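Please model the complete structure; the sequences and the hints are all you need to start from.
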Amino acid sequence: MKHLISTRDLTTDTAIAILDTTIDMVDVRSRDVKKLPTLRGKTVANVFFEDSTRTRLSFEAAALALSADVTTFTTQGSSVSKGESLKDTLQTLEAMGADFIVLRHSHSGVATTVANNNWVDAHIINAGDGTHEHPTQALLDAFTIRSRLRGDDARGEDLAGISVVIVGDILHSRVARSNALLLKTLGATVTLAAPRTLLPREIGGWDATVVSTLDEAIETKPDVVMTLRVQKERMTSGFFPSESEFSALWGMNHSRLSR
1 MKHLISTRDL
11 TTDTAIAILD
21 TTIDMVDVRS
31 RDVKKLPTLR
41 GKTVANVFFE
51 DSTRTRLSFE
61 AAALALSADV
71 TTFTTQGSSV
81 SKGESLKDTL
91 QTLEAMGADF
101 IVLRHSHSGV
111 ATTVANNNWV
121 DAHIINAGDG
131 THEHPTQALL
141 DAFTIRSRLR
151 GDDARGEDLA
161 GISVVIVGDI
171 LHSRVARSNA
181 LLLKTLGATV
191 TLAAPRTLLP
201 REIGGWDATV
211 VSTLDEAIET
221 KPDVVMTLRV
231 QKERMTSGFF
241 PSESEFSALW
251 GMNHSRLSR
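When we follow the working numbering, the leftmost residue of the sequence shown carries the number 1, and every step to the right adds one.
The hints are simulated quantities; they were obtained by calculation from the structure and are not laboratory data. As the structure is a computational prediction, the values presented were derived from the model and not from experiment.
Straight line, CA to CA, 30 Å or less: simulated DSS-like cross-link-like pairs of lysine-lysine: (1) K35 <-> K2; (2) K34 <-> K2; (3) K184 <-> K2; (4) K221 <-> K184; (5) K87 <-> K42; (6) K87 <-> K2; (7) K42 <-> K2.
What follows is a list of derived Cβ distance ranges for each label pair: (8) A95 <-> D215: 50 to 58 Å; (9) T53 <-> A160: 29 to 37 Å; (10) T227 <-> I203: 13 to 21 Å; (11) K82 <-> R256: 46 to 54 Å; (12) R148 <-> S78: 39 to 47 Å; (13) R8 <-> N117: 14 to 22 Å; (14) N117 <-> S258: 50 to 58 Å; (15) G161 <-> D88: 42 to 50 Å; (16) I18 <-> T209: 23 to 31 Å; (17) K87 <-> T38: 24 to 32 Å; (18) S258 <-> P37: 45 to 53 Å; (19) G187 <-> S244: 33 to 41 Å.
For each residue, glycine too, the CB sits at the ideal point set by N, CA and C.
Written as structure tokens, this is what we have:
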């Protein structure tokens with residue numbers, strides 16, 4: 001697999017292998033020498049056209065732990081402000097030695113466009129593209145779920161028999177899309193809970209159960225409830241009457257947690 005654009009790119013065996021490798025990396029991080037030589041001599045370029053703290057720093061830390069050289073690109077102070085295209089930017093970074101490009105962009109489908117059109121020979125990792133996908137976040141969530149429910153050394157295990165509820169702003173959430181796909185690939189049961197105004201039109205193709213209230217979802221006794229924030233920065237109109245009403249109907253509280 002040359003690129004990681006979507007969780008659709010992952011077979012069950014590949015996803016499990018990544019989760020198993022993550023167990024090894026957790027062990028490495030607990031050592032005095034927190035590095036492996038896996039990517040020595042390689043360069044990872046973090047290319048972020050959208051603000052980020054956790055994702056950008058996580059990719060930097062991961063690349064450094066694998067002994068890669070790391071360069072980070074942000075639009076502020078770059079030639080993008082002068083009209084330089086995304087294609088030119090990526091090709092410039094590759095010419096400067098980038099072997100891997102970690103790309104975050106506010107437009108959905110950008111990572112797919114870059115990979116499918118072979119703009120660069122470097123490996124592309126999608127670190128979030130608009131409201132489309134965020135595959136590495138889904139892998140992290142799956143690893144956390146497996147570790148919590150199967151144990152810290154659950155090598156070779158999938159998520160069969162585990163039920164997950166995803167609640168909140170599903171319409172604008174790339175994390176929800178990636179999680180719904182990956183969780184099903186790993187054998188979990190997925191339920192989506194959100195107001196109709198915050199569900200995407202293509203929800204029927206997600207292979208997940210859709211319920212009209214969070215309370216209905218909780219009645220199924222899920223193993224995991226994944227809550228999504230309301231992404232106001234992606235909203236162009238009102239999707240619900242008020243924040244207080246949304247919180248009352250769709251927020252996790254002590255009463256719901258105790259059921």
